[in-house]
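**Student:** Sequence:
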Amino acid sequence: MSDQPRRSRPTGKPYRRPKKDPVRILAFEVLRAVDERDAYANLVLPPLLRKAREGGDFDGRDAALATELVYGTLRRQGTYDAIIAACVDRPLREVDPPVLDVLGLGAHQLLGTRIPTHAAVSASVELARVVLGDGRAKFVNAVLRKIAQHDLDAWIEKVAPPYDDDPEDHLAVVHSHPRWVVSALWDSLGGGRAGIEDLLEADNERPEVTLVARPGRATVDELLREEAAVPGRWSPYAVRLTEGGEPGAIDAVREGRAGVQDEGSQLVALALAGAPLDGPDEKWLDGCAGPGGKAALLAALAAERGALLLASEKQPHRAGLVARALDGNPGPYQVIAADGTRPPWRPGSFDRVLMDVPCTGLGALRRRPEARWRRRPEDLDGFAPLQRGLLRTALESVRVGGVVGYATCSPHLAETRAVVSDVLKQHAGAELIDARPLLPGVPALGDGPDVQLWPHVHGTDAMYLAVVRRTA
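In this note's numbering, the protein residues as written are 1 to 472.
It should be emphasised that the hints constitute simulated quantities derived from the structure, not laboratory data.
Please note that a few of the clues may not be correct.
[Stated by the list, open to error] Derived pair list, reagent style BS3-like, types lysine-lysine, alpha-carbon separation capped at 30 Å:
(1) Lys158 x Lys138
(2) Lys158 x Lys20
(3) Lys158 x Lys283
(4) Lys283 x Lys146
(5) Lys314 x Lys283
(6) Lys138 x Lys19
(7) Lys146 x Lys158
(8) Lys51 x Lys19
(9) Lys425 x Lys314
(10) Lys51 x Lys20
(11) Lys158 x Lys19
None of these values were measured; they are calculated from a predicted model.
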């Protein structure tokens with residue numbers, strides 16, 4: 001036996017090395033990347049899961065738990081922060097961010113999963129010992145034991161203001177969205193409590209993985225042979241994976257013949273391709289093509305008609321992603337890195353133009369829950385000139401008789417109807433056409449002529465589409 005004395009705490013108790021839990025450590029690492037580097041969980045998590053699987057640390061159940069811990073904590077962050085704030089004796093801004101991440105993970109296990117209370121607390125305290133140290137682990141233990149005294153409904157009763165006193169703040173706490181986002185989404189919906197609650201709740205649900213079979217390269221029937229695969233709801237090229245799964249393990253996806261693409265995004269591309277026009281139909285433009293999902297579908301549809309797609313993307317590295325997505329397209333295409341507000345092509349060069357403009361991304365909060373906490377109302381002012389400039393470029397780039405699709409992955413009125421209205425006021429030679437017939441079979445498309453899709457109504461991202469014909 002060794003003559004070395006055992007390490008001990010000042011109390012004289014034997015030192016116990018904290019147990020490392022690879023699932024919770026990985027979840028914590030993702031949350032730190034999101035907070036410290038403004039990373040997106042959907043980009044950080046997959047490679048970490050892949051590395052853990054290859055190293056033998058994870059199986060399928062471990063990966064599923066890590067994914068639930070990351071996304072559940074991010075989606076419900078606003079609610080959990082309000083609860084944590086009620087259990088600490090100082091403002092949350094004075095609590096170190098890594099400590100808040102451990103507390104958020106613990107709160108989600110206690111209030112948002114079926115993990116037993118004692119297991120949720122002990123696992124979170126062990127995580128704190130590993131990543132924060134013994135001192136702060138005691139703080140984590142004390143806070144989580146307070147949280148464990150009530151279930152989620154009881155905590156919401158305590159921390160959310162009554163709906164009748166402050167509807168927006170009540171919904172913000174209950175459904176974990178910033179107040180300004182609640183207000184903006186409510187305005188876009190047009191009022192009514194049921195609709196906004198359904199939308200906010202849909203933002204907190206894990207979306208299905210949706211694939212697109214790129215025409216001429218893959219078929220829906222091929223994708224439907226995958227486990228738990230069912231047809232899409234609206235797009236004839238869509239297949240949904242109802243039990244998640246790893247798209248990268250599917251041959252057609254790995255080979256670029258199919259891709260991961262929300263049905264809302266597919267519908268935007270299909271609507272532009274199906275819009276009626278007068279004259280030739282030979283040259284198409286995707287003016288904001290990165291990262292390439294819509295461009296790949298448009299290029300495949302164009303190839304079926306013998307048309308050429310020019311895919312333009314300002315950022316060179318994103319133009320590279322577009323080129324990768326289009327590699328193998330059966331028809332002619334070209335990818336360039338160019339600023340869509342100062343285009344290198346001549347005016348009137350194209351028959352069809354898509355401008356899916358940069359925006360706040362408030363329509364994809366299901367997929368990027370951290371974006372709701374990262375965005376600020378003032379971001380709208382930064383996007384506004386760019387969005388208007390890109391729509392003006394689109395109208396200048398299309399020939400008379402051709403059509404333009406203006407799209408955003410945001411339902412915010414300042415990024416949708418306000419942009420279209422302002423630009424058309426300055427462009428007498430353009431008119432809105434009814435986009436609703438271009439989405440056949442899709443219900444609840446409103447009064448038109450533009451279209452707003454919704455997660456709680458259509459099961460898609462909240463994509464917006466306006467279709468404009470150049471008349472002079």
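**Student:** Provide an ascending list of the numbers of those earlier hints which the structure does not satisfy.
**Tutor:** 2, 3, 4 and 11
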